[in-house]
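Asker: Chain by chain, the residues:
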Amino acid sequence: METIKTLDITFNDLNWKIEYSPERCTMCGSCVAVCSFQAIEAGVERHSKTVSTARQPEPVQQHKAVPVIKQVNGLANACVGCGMCEKVCPNRAIKPVRNENTRAGVLGRSGGTPIKRGGRNNLIKDNTLDKIVVGRISQMTDPSLDAERHTFDILAPFGRVLTPGELPFSTAGGELKLNSSTPPVNWIYPLIFSDMSVGALSTRAWEAICIATAYLNEKHNMPIRMCSGEGGMPVQLMKSEYLKYSIIQIASGHFGWNRIVKALPDMKVDPAGILIKIGQGAKPGDGGLLPAAKVAEHIQAIRGVPKADLLSPPNHQGLYSIEESVQKMHLSLNAAFKFRVPVAIKCSASATSVSVYNNLLRDPYKICGGFFLDGIQGGTGAANEVSLDHTGHPVVSKVRDCYQAAVKQGRQGQIPLWAGGGIGLTGNAAADAFKMICLGANGVFISKLLIQLCGCVGNEHGRCNACNTGKCPTGICSQDHRLVRRLDVDKAAQNIVEYMLAFDMELRKLMAPIGNSSLPVGRSDALVTTDKAMADKLSIQYAC
Amino acid sequence: MCRIGAIKSKVPFHPSQALRLMLPQQEGHDNSGFAMVMQDLDGVFAGYKDKPLLSLACTAHGAKLAEEYMKAQNFVRDFEWVPKIDRRPGLDIKAMPLYMFRCYDYPEEYQNVSWQEKEELLLDTRLALRRLLEKDDQGYVFSFWPDVLTLKEIGDPSDIATYFRLWDDNGELMAKNVVTQCRQNTNYDIVRYAAHPFFIQGYTLCANGENTFYTKNTEYQRSLHRGYNGFESDSQNFLYTLHYVLHELKWPIKYFKHVITPLPFSEIEKRPDNKELTAIRQSLAHLEINGPNTIIAMLPDGRMMTCCDSKKLRPVVIGGDETTKAIASEVCGLNVVLPNRNPELDVYPNEREVVVITPELEVQRWKQ
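Top to bottom, those sequences are chains A and B.
Each residue of the first sequence is one higher than the last, beginning at 1 in our numbering.
Each residue of the second sequence is one higher than the last, beginning at 545 in our numbering.
Rather than coming from a laboratory, the hints here were simulated on the basis of the structure.
Using N, Cα and C, we set each Cβ at its ideal position, and we do this for glycine too.
Honestly, I wouldn't trust all of these hints.
Unchecked claim - With a cut-off of at most 35 Å between alpha-carbon atoms, the simulated DSBU-like pairs for lysine-lysine come out as follows: (1) Lys-509(A) / Lys-720(B); (2) Lys-509(A) / Lys-819(B); (3) Lys-794(B) / Lys-366(A); (4) Lys-244(A) / Lys-814(B); (5) Lys-856(B) / Lys-268(A); (6) Lys-911(B) / Lys-720(B); (7) Lys-509(A) / Lys-856(B); (8) Lys-720(B) / Lys-366(A).
Said to hold, decoys possible - Only some residues are given here: those of chain B computed to face chain A with a beta carbon under 10 Å: (9) Asn-618; (10) Arg-621; (11) Tyr-788; (12) Val-789; (13) Pro-806; (14) Gln-826.
Please build the complete structure, drawing on both the sequences and the hints.
Answerer: In structure tokens form, the structure reads like this:
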């Protein structure tokens with residue numbers, strides 16, 4: 001008889017238990033083959049069975065050695081609930097079931113290391129934006145528009161906007177003429193495919209997003225931009241025309257910038273923008289993290305690093321203050337692209353965001369081309385769980401605070417506000433985006449939703465969230481070529497394209513009833529909420 | 545819904561003409577008020593065209609407060625016209641106790657200053673009087689400007705005209721330009737300040753429609769200029785934008801339309817002036833309007849302008865003869881005041897068009 005000690009970790013200590021029906025199982029082996037976590041294995045159990053083999057019933061009880069699928073004990077091979085086994089089983093014989101009595105949270109810190117995972121915050125259960133509705137509907141004298149027939153101007157600025165008085169205009173013959181250049185501003189779709197690096201994502205997943213971006217631009221005339229993430233870009237892409245759809249990110253590790261700088265002379269077109277990543281909503285105050293398991297050979301090449309854990313520092317080295325940040329990073333990046341490419345900044349939402357925004361608004365160089373605020377419900381490929389669940393700031397009220405701070409100074413719109421971190425959390429990105437825009441955002445950025453469209457099964461209830469392990473069962477967040485091959489690039493790209501086409505129509509369906517053909521940035525009068533505290537905080541109407 | 549109108553003539557005319565322009569359109573308004581701004585005055589004001597004229601509706605106490613304030617600021621009263629009120633019973637009017645129209649001499653220390661300084665003084669004086677009278681509802685200051693008279697009241701327009709004897713063409717109250725409207729702004733509270741036309745530093749404007757970007761416009765305008773206040777009506781935004789574009793930024797008039805109803809980006813791209821139009825659109829994004837609207841504006845130099853929203857959800861028509869031009873929401877108004885004009889020459893501006901009537905009554909029109 002097997003001896004078990006109480007301190008041994010068994011499957012009933014884990015977050016997920018495998019529910020298995022041996023009578024349905026044909027031992028085809030598909031589930032074991034598909035499980036990238038090796039959480040299940042084939043084994044033999046001694047079962048008591050009543051059998052009857054004669055013509056007439058002659059039941060006999062026997063003890064038999066039966067081949068079965070068993071869950072592996074231990075944290076290293078814990079089931080993450082991804083459900084791939086269930087997906088591939090032809091007989092519905094196996095599935096993961098959430099273990100209510102899990103002890104994984106207690107046991108997971110063995111070895112003295114914090115729990116690490118990917119995904120989003122798993123503690124926040126409600127979605128602020130779902131408590132707000134578009135309550136100011138055009139009726140009678142102020143007609144609603146027709147979402148199908150009217151033309152809509154759905155574009156948002158990326159770049160530093162001057163006040164009208166600062167525009168270098170001269171007047172001659174009743175005409176205004178711009179006498180000198182102004183900071184570059186690109187008008188793009190109000191949703192950006194946000195920064196996920198080659199490295200965090202598999203090359204195939206990254207490629208799928210690239211394909212979707214190009215397709216939406218070239219076939220559907222939707223000027224969607226995609227941010228590279230911190231990790232550089234394939235040189236071929238940088239030297240191609242498609243660079244114009246990319247926003248290149250620089251983060252504290254500066255990964256990939258060796259190649260980017262070397263590619264500068266060969267760039268045929270300018271990138272759509274540069275995004276300086278200061279912080280990330282999912283793990284504010286922490287730098288990027290790419291576990292060694294994911295630093296495959298091609299990642300080493302793109303980033304110019306050996307195979308090792310790649311930890312970006314929590315801050316850009318050499319930056320002491322926001323003034324210094326503006327002077328050094330913004331100026332040097334603006335200069336690198338000869339002041340033709342807008343340079344924006346991304347920070348995690350924080351109680352201090354308004355101060356940062358005010359500083360940027362008041363900077364005399366007028367050089368910050370966008371303020372990206374990333375909220376606590378943003379996703380990540382790898383982080384300490386304590387950061388994911390217990391640090392950060394909701395993005396909704398913070399974007400509103402920043403907008404209102406700008407309004408107070410008459411500077412709204414000068415540094416476009418972009419909101420992310422939980423946009424599309426419940427699958428309704430258009431509604432979320434629209435509400436954020438009414439509260440003052442110029443646009444939104446999404447990333448988790450994109451990988452969900454590529455097949456990611458992770459959710460905010462602790463399902464999967466194994467992006468950090470390199471064992472992503474859908475091949476999205478892995479560099480293991482056997483797993484990566486699972487991802488159908490074309491189908492993933494198609495899913496993203498179709499979602500975005502629906503997003504665009506849904507956005508029109510929200511603009512039409514309030515009678516607006518251009519984006520209602522700051523039209524907080526269009527929103528109502530049934531939550532009084534929320535109404536007070538966001539300065540929108542309370543309704544009941 | 546509002547109906548708006550304006551008459552511009554080479555010869556001075558009486559406000560009854562403005563009423564005749566508006567009353568046929570009453571199916572479209574609700575007869576809840578009457579307001580007009582007269583410019584280029586004649587009649588009793590003919591001799592005082594360079595003196596700032598205060599248009600005031602107030603209580604006796606309000607009058608005293610205003611008088612004391614003006615005295616303290618060294619304004620010297622030169623002329624006063626008080627309408628002879630017809631107090632017959634049964635008139636539908638919520639009248640204030642007193643209506644005063646006073647012309648002043650500039651304070652001694654302002655006699656020789658530049659026009660720019662005088663403009664600021666006149667605005668500040670009006671704003672100060674407004675603040676002073678706002679307490680305890682002691683009165684309303686509608687305009688304080690040379691050669692400009694404003695009258696606004698709540699009630700039935702015909703009765704209001706009877707009350708002020710505007711039907712009597714006695715030659716006292718005359719002007720070459722009148723902008724008018726016959727409805728209180730019922731979207732918000734019924735207050736006298738909410739009735740268009742609105743006025744600031746020589747610019748007059750009234751609008752028919754809904755400004756769905758009221759919140760955006762208002763939040764931005766509050767920080768642009770000390771004179772941009774009140775916001776009792778969503779149409780005030782148009783006036784402040786007009787004043788900002790022409791008076792503050794000193795941009796040519798054609799850019800006003802580009803600010804309130806910018807071209808779609810796809811159209812801007814194709815234009816030779818795309819750099820300028822893009823810069824304007826992005827820098828003044830918060831002054832865009834996005835609802836159904838028609839506006840009529842009167843500029844300090846006497847030009848009148850009209851244009852519509854970018855979907856032409858509100859109508860307007862311009863017509864007239866060699867002596868008089870009129871603008872109205874509906875052509876039935878023109879038919880009453882200008883029955884002998886050639887209606888084939890009437891102009892119905894489209895959603896991208898701007899129409900200006902010059903002081904010489906030349907009708908200019910262009911597409912934005």
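Asker: Does each hint fit the structure? Answer for all of them.
Answerer: Consistency of the hints with the structure:
Of the pairs offered as hints, the one joining Lys-509(A) and Lys-720(B) is violated, with about 48 Å between alpha carbons and a cut-off of 35 Å exceeded. For a cut-off of 35 Å, the pair hint linking Lys-509(A) to Lys-819(B) stands: about 31 Å separates their Cα positions. Among the hinted pairs, Lys-794(B) with Lys-366(A) is consistent with the structure: their alpha-carbon atoms are about 24 Å apart, no more than 35 Å. This hinted pair checks out: Lys-244(A) and Lys-814(B) have alpha carbons roughly 20 Å apart, not beyond 35 Å.
For the proposed pair Lys-856(B) and Lys-268(A), the alpha carbon gap of about 43 Å is over 35 Å, so the pair is violated. A C-alpha spacing of about 27 Å is found between Lys-911(B) and Lys-720(B), which places the hinted pair at or below 35 Å, so the restraint holds. Distance restraint check for Lys-509(A) and Lys-856(B): the Cα-Cα separation of roughly 21 Å lies within the 35 Å cut-off, and the hinted pair is therefore satisfied. Between Lys-720(B) and Lys-366(A), the direct Cα distance comes to roughly 48 Å. Violation of the 35 Å bound is thereby established for this hinted pair.
Interface hint status for Asn-618(B): violated, as the beta-carbon distance to the closest one in chain A is roughly 33 Å, over 10 Å. At its closest, the beta carbon of Arg-621(B) sits 38 Å from a beta carbon of chain A; the interface hint therefore is violated under the 10 Å criterion. With a cut of 10 Å, the hint placing Tyr-788(B) at the interface with chain A holds, because the nearest CB-to-CB distance is about 8 Å. Proximity of Val-789(B) to chain A holds as hinted, the smallest CB-CB distance being about 8 Å (cut-off 10 Å).
Interface restraint check: Pro-806(B) against chain A, minimum CB-CB distance 8 Å, threshold 10 Å, status holds. Taking 10 Å as the C-beta contact cut-off toward chain A, the hint placing Gln-826(B) at the interface holds, the least distance being around 5 Å.
Of the numbered hints given earlier, the model fails hints 1, 5, 8, 9, 10; all others are met.
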